[in-house]
Amino acid sequence: MPADKLQPRNRTARLVDAHGAGNPVVTELESGVGNCFPGLEADVRNLDRRFFPYLVVDFIGSDIVVSEVALARAQSDGVTGARLTNLTAVANTPNAAWRVTSLGGDFAGFGQQTYAVASLGSSTSRPISAWTAVRLLRPGTQVMLTLQGTGVPAVTLTDTRASYLSDDGAFAEMFAPGELTQSLCSPWTHDFRDCGCFYWASNHPDIVQPSEPAAVTPDDPAYAVRVQWMRTDRQTSPPPVDPQHDQTQALQYFEINRRWQELDIVLDGREQRSPYAPGTVAGAPLAAGTLVPTLQYAAGVELAVMLEYLAAAFSLDLTAGAVGSALRDDARAARYELLRVAASEMRHLKAVNGLLFEEHQASGAAGAFVPTLGVATLVPEPANAPGRPVDFRPLRPDVLAYFVQVEAPSKTVDALYGRILATYVRDRRETQAATVAQVMAEGADHYVTFLAVQEWLNRHAGTPYLLNLQVPAAGDAALATLQQRYEDVLGHLYDGYAVGMPAGATAVAAARTAMLGPAGVEGACGDLAAAGTLPVFAVPADARFAAIAPPP
Amino acid sequence: MTAAAWRPFRSRIGEHVLVLRGTQILDLPAGAHAADLDPAALDPFLDHGDGFGLDAVPRIAPQGISLNVTSACNLGCAYCYADRGRFSGNQRGAMSGSTAEAAVDTLLASCERTARATVGFLGGEPFLHPALVHEVVAYATARAAELGQPIGFSATTNGTRLRPADHELVRTRRFALTVSIDGGRSTHDLLRRNLLGGGTFDEVIAGIAPLLAEPGLATVTARATVTAGHLDLTARYDELVAEGFGRVGFSPVRLGFGALGEADWPKWTEASTALAERELGVLLGGGDTGYDNFITALRRLHGGWSAPFPCGAGGGYASVSTEGRWYACHRAIGNEEYALGDGDTAVDPARQGTFLADRHVDRIEPCNTCWARYLCSGGCHQEAPARSDASCSAIRDWLDYCLDAYCTLSAARPEWFGGS
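Going line by line, the protein sequences match chains A and B.
First residue of the first sequence? That's 1 in our numbering, and the numbers climb one at a time after it.
First residue of the second sequence? That's 1001 in our numbering, and the numbers climb one at a time after it.
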């Protein structure tokens, strides 16, 4: 024991902001992170190598292998009789490859048991591994081992389960220096294999899309599957279909030692086996003079998709299926989520008008600010597509797929905002950039939400969750009510946005009231749906709410 | 000879190092020996902060004063340092109210506002002039309240003249009352006699018993003077505890009548450590002790008390004579070497600085090479001439014992020392 590990005793000594010579405190095991994933600061499995007096074992796979017998220490400790004879038998035949074949003792939680080591992990009524079983043995209790060697008689040993700590609370002196850390990252591939889920210090993909062979058309749905990155079967034609979490499909410890170099580089969430060609870089800043028309168009898109979501939401049948059935739950959850996203789009409409208000103020232009409350004539589609007209449809699978596309990252609406964001970033307008970034982040949430809705509704064959709604006839009285209430909402919003926030807050609150409840847009949509009619919205005659075309 | 900066020692729980600056106490790991210690391991403790300010000569205004209320005493104890308050004719009469109030004003004008100021009453027997004591307590309390200054009081008394009004005064304030009582009746009456030569034990007990029964905010400590040949400390301690004292301290006479000689000091060590060892057993058993010298040593070791001066004399403490002159120490009234001012001023910073610089323990030989120098700090300035190998050994032996006791007790009952 070195004499220079000094412990301060009284108050003044404890004031010293220094430690005695030796390892810093962060290297002490109790301040480290240790578990059975051997990439951390200690491999706690090593604590159990010396669980049985005078034996050192290694946990190799599902085996407990004897690696050392401390016979001399047993003798000097005064071990005699059968105990010594048995230990001597093991020590004298080191080439017999001794293994522990059965373990008996008090296994915490499992009680007094005797387990065949080979049986461990075979059922939930036993410890899940040999190491776990050893760890469960209570220190100080009797343990009985059966040891089997090759070509020699089996040996039975009985002794007391060793404690990790010595009487003064230090790690028991039986551990050799370095023993607790000796297995760390050894080999590194084992640790790399086990450290999934963003735990590995560098990128370690868990789930990826498989590489697309050259002959396959890009974005082939057959390759849109998600598979384990560390799967053992690495062929990609036909496309792999292995279940993501089937560990039997994963590279095993010794397999990954030989095959780690086969693991593919992953870009854009997809394995890449040929030279990578980046797609068009989206999100270039907008040309001078086009920020305002682009924002105006974005406002129109928000309003357009909000109305589409609203119509689709009211196409869901809240009474589908039996009470408490998965169908009813899914239909209701889908309705709720669609309405939540629609409400979020209304906030985006307000945010974009806020940005437009600031542009107006900054330009110094004469005259009052004119809000944008028209519906976009076309909703953007993936790059180079012309866009599609606004369309009010029930939430059929193809419509939901459209919605997913609308909200998908780096596509359509997100791409539109990407350019607006790039413009603000270039111009170092941080507040505005933050507003746009927030809108985009919420768009990502919408995307994930719609994927979830897709998952819920796809569980049901056909569309049993939909009401059978007809497109309303012109002159439908309930439709006229809806249109009137919708235009009232727009009127309030116009008044509020025109003066900006916070002056316009009262008007915006009035708009919110006009949207919700039986007397609002919500009620009118419900009435139409109840009458078997899809809620749809016309472009108002009021010139303030004229449709907005995409910028040139 | 180079002064060692640290010293290994052994306690009943293991081996340790005492770093002298800051009285830092360190444990060696179990089984390790100080002989194997790499001195570099001590560097962080040796280089600690500003060296605990031990090199500096403080320039601080007094935080506490004692007022020599009177030169008169109703007792005639043979070993009295104060010559019954007359200080060999250097002090006469009694202090006037205006002198006392002026001293209080001076104290309160210059002391540190955030720390407690203390006004003490000495003599002579201060309670021969209770009216002045009451007047000064009232005055100082009021002045301190105006200034937002925390204040406490102290007095050393023979206890014989305490009356109910005095009890009430003491117990309603933070009053540290030290009662000069040497032990049970036979021990006490041996040397603490009245002017007619009679014993005074019964009078002391009569005067102090109501306070022992009901101390209120006050702390009452028995201070027993120990003379050569009467070193039965344990018996005396027990007698005083039996009379109701919760705290009992012992002061050996070092100079003059009854002073301990070379042959007495080992006996003093034996007696004081025997009592301490018995009380340590009580503490380890979960009980408490009232052995004041022992408590003080344990608490100082725990807190890492270390100082280049043995007391506040000339620094944080001054004593005011009946005439109103400020001295560094209450035992030096009339001694020009200890005068802090020139008669017009209470404290002259230059005189104060010189007084302290001359008495810094690092300038005193052989103290400046002794391992106990920042704990003992050279001992009482007044008693310096009585310093001897034997008396110094007694101090070191006591500290050695207390270091062992401290380590043992702090390991077993850390909570006894309070937080951290």
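Derived from the structure by calculation, the hints contain no laboratory data.
In this text, a Cβ means the ideal position worked out from N, Cα and C, and glycines have one as well.
Certain hints may be false.
Derived, one-sided and incomplete: chain A residues facing chain B with beta-carbon distance under 7 Å [as the list claims (entries may be wrong)]: (1) R11; (2) T12; (3) G81.
If you want a taste of the chain B side facing chain A, the calculated C-beta under 7 Å gives, among others [as the list claims (entries may be wrong)]: (4) P1029; (5) H1048; (6) G1051; (7) H1302.
Is the interface hint for H1302/B satisfied, with its Cβ closer than 7 Å to some Cβ of chain A?
Holds, because the Cβ-Cβ distance from H1302/B to chain A comes to roughly 5 Å (cut-off 7 Å).
Restraint satisfaction for P1029/B [CB to CB of chain A, less than 7 Å]:
Hint on P1029/B: holds, closest Cβ of chain A at ~5 Å, below 7 Å.
So, H1048/B near chain A? Judge it on the closest CB pair being under 7 Å.
For H1048/B, the interface hint holds, since the closest Cβ of chain A sits about 5 Å away, which is under 7 Å.
Take the shortest C-beta to C-beta distance between T12/A and chain B; is it under 7 Å?
This hint holds: T12/A lies near chain B, its Cβ roughly 3 Å from the closest one there, short of 7 Å.
Does the closest beta carbon of chain B sit nearer than 7 Å to the beta carbon of G81/A?
Check failed: Cβ of G81/A comes no nearer than 32 Å to chain B, outside 7 Å.
R11/A as an interface hint toward chain B, with CB separation required under 7 Å:
Given a least distance of 5 Å, the restraint on R11/A holds.
Does G1051/B meet its interface restraint, that is, does its C-beta lie within less than 7 Å of any C-beta in chain A?
This interface hint is violated because 12 Å lies over the 7 Å limit.
Hints 3, 6, counting from the list given before, are not met by this structure.
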